[in-house]
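Undergrad: Sequence:
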Amino acid sequence: MDNLTWHNPPPSHSHHAPTNIHTIRATPSSDFWRTTTETRNTGNFLHCSNVRGNFKVQCFLNGVWTHEYDQAGLMIRVQGEEKWVKAGIELMGGVQYVSAVVTNPYSDWSLTPSFHSTALSSEHMLFLELERKGPVILFRHGFARSTDGVAKEALRSGEETLTMFRKAVGFADGIEAVDVGIVVACPKNSEGVSVSIEGFRILQ
Numbered sequence: 001m002d003n004l005t006w007h008n009p010p011p012s013h014s015h016h017a018p019t020n021i022h023t024i025r026a027t028p029s030s031d032f033w034r035t036t037t038e039t040r041n042t043g044n045f046l047h048c049s050n051v052r053g054n055f056k057v058q059c060f061l062n063g064v065w066t067h068e069y070d071q072a073g074l075m076i077r078v079q080g081e082e083k084w085v086k087a088g089i090e091l092m093g094g095v096q097y098v099s100a101v102v103t104n105p106y107s108d109w110s111l112t113p114s115f116h117s118t119a120l121s122s123e124h125m126l127f128l129e130l131e132r133k134g135p136v137i138l139f140r141h142g143f144a145r146s147t148d149g150v151a152k153e154a155l156r157s158g159e160e161t162l163t164m165f166r167k168a169v170g171f172a173d174g175i176e177a178v179d180v181g182i183v184v185a186c187p188k189n190s191e192g193v194s195v196s197i198e199g200f201r202i203l204q
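Position 90, counted from 1, in the sequence shown is what this note's numbering calls 90; the numbers after and before it change by one each time, with no gaps.
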């Protein structure tokens, strides 16, 4: 996918086209988060602009999770700083969680346990899928060993059932075009979290 652009480019990013692997080191102390008193819009977002209609966006990911709130995953931005969703792995209390944040206009965060470690040194990767169906955003995930191509393709194709962990109803009501892509952030990490994103794609 050649039409990807950065909102807040990170210090380090490379893309290996034959395997479609993005290797990213996030901007230190960065985040996407919004409350009544604070807006953080400093995370790294590699995206395709003006995606219209229904779609699915998918990727596999793992990372070097060392600091509180280290995170990476997928993001859909509907209206700039005030309306967006992000989902992926997030570290809290030394534990990896599958995380979802819905911001409309303030951030609401939910967590579900990650049943496998997705550390870069481990054998598993998180598979993440966000689907837009009209005004609704569906959040799904699964796990596969990084070396198991058959299992990974079963997740990508839908042959293997995914776990739905959040549903944002009416989120994109009346909205046609959105920005869709990879998100990385690390609010408490002064060096920047390092992540690997594999197989990023948008299906329409």
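Please note that a few of the clues may not be correct.
[To be verified] Keeping only pairs whose Cα atoms sit at most 20 Å apart, straight-line, the calculated PhoX-like set for lysine-lysine is:
#, residue 1, residue 2
1, Lys188, Lys56
2, Lys167, Lys83
3, Lys167, Lys133
4, Lys56, Lys152
5, Lys133, Lys56
6, Lys152, Lys133
[Claimed, not checked] Simulated restraints on C-beta separations:
#, residue 1, residue 2, range
7, Asn50, Gly94, 31 to 41 Å
8, Glu81, Pro135, 33 to 43 Å
9, Gly149, His13, 18 to 28 Å
10, Pro9, Tyr106, 22 to 32 Å
11, Glu123, Asn50, 15 to 25 Å
12, Val169, Glu191, 16 to 26 Å
13, Val150, Pro9, 27 to 37 Å
14, Gly80, Gln204, 15 to 25 Å
15, Glu191, Leu4, 35 to 45 Å
No lab work stands behind these hints: they were computed from the structure.
Just so it is clear, CB atoms sit at the ideal spot from N, CA and C, and this is done for glycine as well.
Undergrad: For every hint, state whether the structure bears it out.
TA: Structure-based check of each hint:
1. Lys188 <-> Lys56: violated (31 Å)
2. Lys167 <-> Lys83: holds (15 Å)
3. Lys167 <-> Lys133: holds (11 Å)
4. Lys56 <-> Lys152: holds (16 Å)
5. Lys133 <-> Lys56: holds (9 Å)
6. Lys152 <-> Lys133: Outside the cut-off at roughly 24 Å; violated.
7. Asn50 <-> Gly94: 31 to 41 Å: holds (39 Å)
8. Glu81 <-> Pro135: 33 to 43 Å: The hint (33 to 43 Å, Cβ to Cβ) is violated, given that Glu81 and Pro135 are roughly 20 Å apart.
9. Gly149 <-> His13: 18 to 28 Å: With a Cβ separation near 25 Å, Gly149 and His13 satisfy 18 to 28 Å, so the hint holds.
10. Pro9 <-> Tyr106: 22 to 32 Å: holds (27 Å)
11. Glu123 <-> Asn50: 15 to 25 Å: violated (38 Å)
12. Val169 <-> Glu191: 16 to 26 Å: Between Val169 and Glu191, where Cβ atoms are some 38 Å apart, the hint is violated.
13. Val150 <-> Pro9: 27 to 37 Å: holds (35 Å)
14. Gly80 <-> Gln204: 15 to 25 Å: holds (23 Å)
15. Glu191 <-> Leu4: 35 to 45 Å: violated (25 Å)
Of the hints listed earlier, those the structure fails to meet are numbers 1, 6, 8, 11, 12, 15, in rising order.
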